[in-house]
Amino acid sequence: MTEVPRKEWPLWEVFVRPRRGLSHQHVGSLHAPDAPMALRNARDLYTRRGEGVSIWVVPAAEITASSPDEKDPFFDPAADKVYRHPTFYEIPAEVRHL
Amino acid sequence: MYRNDVGPPVDQGADPGAGSDRQAEFDRQAEFDRQAEFDRQAEFDRLIGADERVEPRDWMPDAYRKTLIRQIAQHAHSEIIGMQPEGNWITRAPSLRRKAILMAKVQDEAGHGLYLYSAAETLGVDRAELLDLLHCGAQKYSSIFNYPTLTWADMGAIGWLVDGAAIVNQVPLCRCSYGPYARAMVRICKEESFHQRQGFEILFTLSRGTPEQHAMAQDAVDRWWWPSLMMFGPPDDASPNSARSMAWGIKRHSNDELRQRFVDMTVPQAEVLGLTVPDADLHWDGEHWRFGGIDWDEFYAVLKGNGPCNAQRMDHRRRAHDEGAWVRDAASAYAAKQAARAEQGAAA
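Order-wise, the sequence lines are chains L and S.
All letters in the first sequence, in the order written, are residues 1 to 98 by this note's numbering.
All letters in the second sequence, in the order written, are residues 1 to 348 by this note's numbering.
Next comes chain L alone, as it looks inside the complex (with noise of 0.2 Å):
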């Protein structure tokens, strides 16, 4: 057998569609050498009991995620546009359907 150098098999972060109509929604992570693997150690790690019709797995390194720090100013630009929201308007009492 050729070489193979010993390193550690990459984490995958896995999601998964519970059923139709419902979007796929992260539900952990798992170690496996290439894409094939991944799902299915998924498949066996994550739907032993029919939790899921479909899995995306991608490599953790290849997602780019928002500064950790999760209240960063980031996001301020939506924190005073109160507007954006239907309760931002005052509706005559009267008013049906609005």
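Accuracy of the hints is not assured; some may be wrong.
Derived lysine-lysine pairs resembling BS3-like cross-links, with alpha carbons at most 30 Å apart [stated by the list, open to error]:
| hint | chain 1 | residue 1 | chain 2 | residue 2 |
| --- | --- | --- | --- | --- |
| 1 | L | Lys7 | S | Lys140 |
| 2 | S | Lys140 | S | Lys66 |
| 3 | S | Lys66 | S | Lys337 |
| 4 | S | Lys66 | L | Lys7 |
| 5 | S | Lys190 | S | Lys140 |
| 6 | S | Lys337 | L | Lys7 |
| 7 | S | Lys304 | S | Lys140 |
Everything labelled a hint here was simulated from the structure, so no lab data went into it.
Computed from a predicted structure; not experimentally measured.
Since chain L is already given, all that's left is putting chain S on it; use the hints.
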């Protein structure tokens, strides 16, 4: 770890100026760091105080991170070591139905271990690192798995008592302050209830079988009862880290509280089984089932490595890891070959 979790390197090359300017700059930076540290701690305290969840990329105190890594790793190790006492009976299960059930259960334990290693990795450790710590004895697993499984009835007693105790321990962990651990526990608790019911069913069947089968069921309960009570850990006055874990929202109830809850739930179930628990002091005081003294010397002896199966469990784990190395290597080699071919194909 996501690819941008490690920020850009701090520019060390810039000349901050000479002499007093440099000192002033240094002081400003130190003051800034102090303030930032204070703000981060305040935000962490606010999250814990509001019973919100701490997520992987949030700042957290080092001690909180270390406590979680140790607890989650120990929990993960317990799941995979826990495959051994039951794996022991797969080939000797009394029917195909029982065999299929036992295999599914042992597979679940492997799965639980992987959910937990996955949760631990969000704290910045590698699964391989944690396995090394288990293999060299630096990290522990639950001492319950250092007892032998002598008869088929032990599969029943483990499911009913050991998994039953685990459920009582684990249900509050579904509300643990650390998000990934709490989410893993939700998944695990759902699956554990099948484990406990199948154990109960084994004992229920044996207990109503021949006199020999009934005796076998009673013997298993006699042997597993006390070690199951020990699973909740030392009594509250001898559990030094409990208070801090409770303040952090990692632990929600004290060891003794959970132990009492388990006894109260389990004693009436024993009655339904037609079996007794081996405790002459057990009595109902109008509110709770009060139980006799636990042999803590035995608990600490097993914890220190002197239980009946400590050496056997560790030997088997290390051997399984070493003998599985070629599978991991082969999968890596195949992945590398496919990647190289894809690259060649793209170049051509």
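A quick look at each hint next to the structure:
{"no.": "1", "hint": "L:Lys7 to S:Lys140", "in the structure": "25 Å, holds"}
{"no.": "2", "hint": "S:Lys140 to S:Lys66", "in the structure": "15 Å, holds"}
{"no.": "3", "hint": "S:Lys66 to S:Lys337", "in the structure": "39 Å, violated"}
{"no.": "4", "hint": "S:Lys66 to L:Lys7", "in the structure": "25 Å, holds"}
{"no.": "5", "hint": "S:Lys190 to S:Lys140", "in the structure": "25 Å, holds"}
{"no.": "6", "hint": "S:Lys337 to L:Lys7", "in the structure": "15 Å, holds"}
{"no.": "7", "hint": "S:Lys304 to S:Lys140", "in the structure": "10 Å, holds"}
The structure fails to meet hint 3 from the earlier list, while all remaining hints are met.
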